[in-house]
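*Asks:* Heads up: the protein sequence lines correspond to chains A and B, in order.
Going by the numbering used here, 152 is the number at position 152 of the first sequence; the sequence numbering is gapless.
Going by the numbering used here, 102 is the number at position 102 of the second sequence; the sequence numbering is gapless.
These are computed hints drawn from the structure, not numbers from a lab.
Careful, some of the hints might be misleading.
Since the list gives no way to pick one copy over another, a pair counts as held whenever it fits inside one copy or between any two copies.
Keeping only pairs whose Cα atoms sit at most 27 Å apart, straight-line, the calculated BS3-like set for lysine-lysine is [what the hints assert, rightly or not]: (1) 117 - 188; (2) 219 - 117; (3) 74 - 117; (4) 67 - 391; (5) 67 - 112; (6) 307 - 112.
2 protein chains.
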Amino acid sequence: MTNILDGVRILDLTRVMSGPYCTSMLADLGAEVIKIEMPEIGDEARHMGPFIEGHSTYFAMLNRDKKSVTVNLKTPEGQKIIKQLVERCDVLVENFRPGVMARYNLSYDDLKAINPKLIYASISGFGADSPLAAHPALDIVIQAMSGLMSVTGEENSRALMTGESMADVSSGIFAAFGIVAALFNREKKGQGQHIDVAMFDSVFAMLLTGLSQQLYLDKTPAPMGNRHPVTYPVDSFPTRTGDIVLCCFTRPLFEGLCDAMARPELKQDDRFRDNAARSANDNVLRAIITQWTQNHTKDEVLAALGKAGIPAAPVQTLAEAAASEHAKARDLVQDGHHAGLAQAPLVQQPLRFSSAPRPSSQTTPILGEHTREVLTKELSLDQAKLDDYAKRGII
Amino acid sequence: MTNILDGVRILDLTRVMSGPYCTSMLADLGAEVIKIEMPEIGDEARHMGPFIEGHSTYFAMLNRDKKSVTVNLKTPEGQKIIKQLVERCDVLVENFRPGVMARYNLSYDDLKAINPKLIYASISGFGADSPLAAHPALDIVIQAMSGLMSVTGEENSRALMTGESMADVSSGIFAAFGIVAALFNREKKGQGQHIDVAMFDSVFAMLLTGLSQQLYLDKTPAPMGNRHPVTYPVDSFPTRTGDIVLCCFTRPLFEGLCDAMARPELKQDDRFRDNAARSANDNVLRAIITQWTQNHTKDEVLAALGKAGIPAAPVQTLAEAAASEHAKARDLVQDGHHAGLAQAPLVQQPLRFSSAPRPSSQTTPILGEHTREVLTKELSLDQAKLDDYAKRGII
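Just chain A, same shape as in the assembly (with noise of 0.2 Å):
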């Protein structure tokens, strides 16, 4: 069995979140990413937290089986090398402002000319050719000004940030599925392209829910804390041991959950007899359902509610999702190899091929670790070279 994308060559110019996630994808399926880093200061989310002996674990688990090498971008020898390696590589992702690669030349239209099969990615906050262009766009930014904030919280409440930055993992991601389909493009039709890729199209191309209320109805929708938009009890609630969360969409579920709580006259009961009375009474609903749950343990409900056939599910932690049968079966959080670090529990992408192997055991980069390998290998530098560049702070 080979990789999925065994062959394919990226050289990645990407920092913090959004680009080595998407690089982190395709290095998951076997392409070769040969990640470009300042020299001496590395990757920006190598000085974010959290660290273990100096090495931050957020970075580690971004960049696992990536090369890093480092080139200084700003001077011209390290652009040289750069589009050196562009001629030698089939995408190429960088997730600077607009206008930064221009600054250092190289931008898609310096590159293309190199290498016209090239394919440019580009992460950025708004697009290049957006009003807001030069606007800053972290990803707390993103998540406010997408609509993803105004529609997360609890009722009556304020906006509230969804706990991941799912602005960055999202273009990420998406920037991922654009660049193995331009592969694909390019494999039948020989042409190399740019993709831009916008962090707020990315989150505002995932709210369709939101979204077909408020283009067609002209209905804006407001956080409502876990209960769903129209069906009621979708909702969580809390137990002596944690919160879990149930599903009664039908009135046979509204019925059997009757039955869970030993509450069977509320069948009968004239505010819950469909779903949109059930949801207009929803407090009182609330408090009754709450009332039981929160006299037993989380286990307890469960069963109960799995008895009576009602999809429901624990709220776990970090920590019982990681230690769950179920990721340990799936094989979710892998031991990795960091040259630093006594361990390095990596994750990768999610998905499984069946012709493809899965990595078994992936290797998170120290600063520069391939630098002189990448360069030797690739662009025949030599030992003296070398040296002189790294003297003059070029690599």
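Take the given structure of chain A and dock chain B to it, following the hints.
*Replies:* Relative to the frame of chain A, chain B by itself:
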């Protein structure tokens, strides 16, 4: 210019959200998507609101540019139609519970015998080989179990759902990524394959910020409202006209904020001397900043922050995001066609490819709109046969 997925044909057996989200991304890139729906009933999403004139706008947004063909998978004749279409398709996507496709005699093994180059993607909650394979896998269940909810919410409060079906959407995007990667691989190696996409694994693989704490430090992240885990002030604040977010993650930015608030004395305040101190005294600092922001409009606060070079943004509703200058400039909401609706606004996948056109006006199908067209053209079924099949509930 031709489409990126020109000539690719997708047999789409998906329903509700994760699968349809996946195949809509492929349709946006020019693949021909033949969507199979149950006669008379259709995709369950057709029965989920919001509705206009009986048509689900949620369904409409999720199924742009697909052909709707009704086939009853429970009948032998229906299964035969699917098998004949499989011979003529590159990709099959399904998101039934594990085991259902085998019951229809349409498992991967059944179909690869017919078309060895078929790429067959299965989206499910936990994957076919998980101990939880049979567990119901609604979006809320996966948000709860994967850990996503556990990191979202106000500090010291209950875990909250993200206000969009992130488990559905993200597994759909990952699946689309896997499908185009497998198409690329097939161009080079000639082989088809099965792709197994679990919603749990998809969400879990996105939570790398939280997992970089959990897996390396054994420190379990909890909801933090809108504040950044280590730097402060990075948070949302209320103004007279709505919330804004601001990001002061460095000393110079914090000093700029003090000046913008006309509170220069705070620069000397020992409680706020560095990120660690500001983070520890976040409640005091939050109150001080709120005192300033709540006495001004959003525009006034954003103007002052912009002048000070502090990254900031308004928290926008979906109405504001959709009507923004950015969304207009990037043409994020487009007019589509729907046989039963006067207007059908649609939002495509977000990427722009320089070598390919972006579809300018997509159609979203009513139930069975293309049944006769597709079955006549692809399988040469004649009018009498089609009438007979329709009468017997096969199509």
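*Asks:* Please write out, lowest number first, the hints stated earlier that are contradicted by the structure.
*Replies:* The structure breaks hints 2 and 6; every other hint is satisfied.
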